[in-house]
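K.L.:
Please construct the entire structure, taking both the sequences and the accompanying hints into account.
Protein chains: 2
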Amino acid sequence: MNNYKLVIQYDGGRYKGWQRLGSGESTIQGKIENVLSEMIGRPIEIIGCSRTDAGVHAFAQIANFKIGENIPVLEMKQYLNRYLPQDISVIDVSIEGERFHARYNSKAKTYLYKIWNEDYSNPFMRRFSMHVEETLDISKMEIAAKQFLGEHDFTAFSNAKSKKKSMVRNIYSIEIEKVDGFLQIRVSGDGFLYNMVRKIVGTLIEVGLGKRDAKEISGMIHSKDRGSVSSLADPGGLYLESIEF
Amino acid sequence: MNNYKLVIQYDGGRYKGWQRLGSGESTIQGKIENVLSEMIGRPIEIIGCSRTDAGVHAFAQIANFKIGENIPVLEMKQYLNRYLPQDISVIDVSIEGERFHARYNSKAKTYLYKIWNEDYSNPFMRRFSMHVEETLDISKMEIAAKQFLGEHDFTAFSNAKSKKKSMVRNIYSIEIEKVDGFLQIRVSGDGFLYNMVRKIVGTLIEVGLGKRDAKEISGMIHSKDRGSVSSLADPGGLYLESIEF
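Line by line, the protein sequences are chains A and B. Using my numbering, read the first sequence as starting at 1 and increasing by one per residue. Using my numbering, read the second sequence as starting at 246 and increasing by one per residue.
Do not rely on the hints blindly, as some may be mistaken.
To be verified - Only pairs whose alpha carbons sit at most 27 angstroms apart, straight line, appear in this in silico DSS-like list of lysine-lysine:
#, chain 1, residue 1, chain 2, residue 2
1, B, 391, B, 456
2, A, 31, A, 16
3, B, 423, A, 77
4, A, 146, A, 165
5, B, 456, A, 178
6, B, 423, A, 178
7, A, 146, A, 215
8, A, 77, A, 107
9, A, 178, A, 211
As the list claims (entries may be wrong) - From the derived model, a few chain A residues whose C-beta atoms are all more than 12 angstroms from chain B:
#, residue
10, 22
11, 39
12, 53
13, 99
14, 121
15, 142
16, 153
Hints were generated in silico from the structure; no laboratory data involved. Glycine included, each C-beta is placed from N, C-alpha and C at the ideal position.
P.N.:
Structure, rendered in structure tokens:
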């Protein structure tokens, strides 16, 4: 068997997220599986690393699948890019060892959130960032961000749809930087619950706007109460940036 | 009279260009004039520096208009950005001296063209760049670019619709640089004829692909024959970047 690894980039704007759903629903996994199944001549299932939400983008989603066929990697890449819609691109195809598994082997995931923080909208990035008109106080946001670091039960920052056995996740780092008119928030961790990054970012924005005190975060986490978290940042500003194996 | 200057950014993708046309046509000038006219309570006409083509973008288009009213610049900026569509932003409003004229006083205009030069499409930039899959030969393109520099009659690189008195323009510089997966071509000059930048870029792409010899450019210019120029780069990759006064 050949274990193919795909590196995938997408504008998630018109999709219901990564994960394949019912036949009427447009998902990134579904689109890629359809093209691969056409290419190989039978149904193919792929394993994606991160189940990005509806509307969320990726610079480098990772997926793998095993087949008996020997298809040259360049041929597969070209076929996929010819038949996939233009908002999904396969930027690399490789053959990995038999034990490589896109979901189980990942060690760290990094998500990037882009906030356009000027008093006018950015015509080129309006679908790829969240617009916050009032100036955000970065130093307050940094104080708040520190409290998310480390291993915590993140129930409070999850969606009720999260059906994971454990709600404990380890956040390795949160970096906030000003890049031109953008405020970029980069969150790395061993994994994230459904809506977790968007709830963290939404809460950091509340702190940056002075609507919430930076010191409240620890209490919110420890409460394990979803009701304590009220803000969910737009999906259009969020990107799965990189995955470490 | 107060002479207001606007700095305007836009995604030209869904417009018929800068210049106001008949009432049914959507143009950037038209949209801005409509909002200003609503604000001031009578028809307002603005003077734009560059008449960008349909589908062409701008980082910093300049326009001006004179009114007797004293409207604070911040108030005007906020009003415009509240009522303009999100693909048009007014990034600055100022009051200039009486003699300032957006069209007649400009000394240099710089256009930027973005080519995405990878073998897969860029999901985030597909409306904001032209995709060329085959690798472009930059050194050949640079040899070709040099021949455009200086003062020439650019009839061959214009559209038959150009109704200017003089077809002579002075190109100050053409810079080609590789930035990540993009090839960026930056063209500065005292002014450009209708379609001129897109025809220059289209021809440079032909040279970069080996479809045309770099040495042909001088002959094409001197021919003054529109038939000698066959390639017009997509409008979506072109940006009016800056204007010097």
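K.L.:
Now tell me if each hint is right for this structure.
P.N.:
Results of checking the hints against the structure:
{"no.": "1", "hint": "B/391 with B/456", "verdict": "18 angstroms, holds"}
{"no.": "2", "hint": "A/31 with A/16", "verdict": "11 angstroms, holds"}
{"no.": "3", "hint": "B/423 with A/77", "verdict": "23 angstroms, holds"}
{"no.": "4", "hint": "A/146 with A/165", "verdict": "26 angstroms, holds"}
{"no.": "5", "hint": "B/456 with A/178", "verdict": "43 angstroms, violated"}
{"no.": "6", "hint": "B/423 with A/178", "verdict": "24 angstroms, holds"}
{"no.": "7", "hint": "A/146 with A/215", "verdict": "10 angstroms, holds"}
{"no.": "8", "hint": "A/77 with A/107", "verdict": "26 angstroms, holds"}
{"no.": "9", "hint": "A/178 with A/211", "verdict": "21 angstroms, holds"}
{"no.": "10", "hint": "22", "verdict": "24 angstroms, holds"}
{"no.": "11", "hint": "39", "verdict": "16 angstroms, holds"}
{"no.": "12", "hint": "53", "verdict": "17 angstroms, holds"}
{"no.": "13", "hint": "99", "verdict": "28 angstroms, holds"}
{"no.": "14", "hint": "121", "verdict": "5 angstroms, violated"}
{"no.": "15", "hint": "142", "verdict": "28 angstroms, holds"}
{"no.": "16", "hint": "153", "verdict": "35 angstroms, holds"}
Figure legend: structure checked against the earlier numbered hints; hints not met, in rising order: 5, 14.
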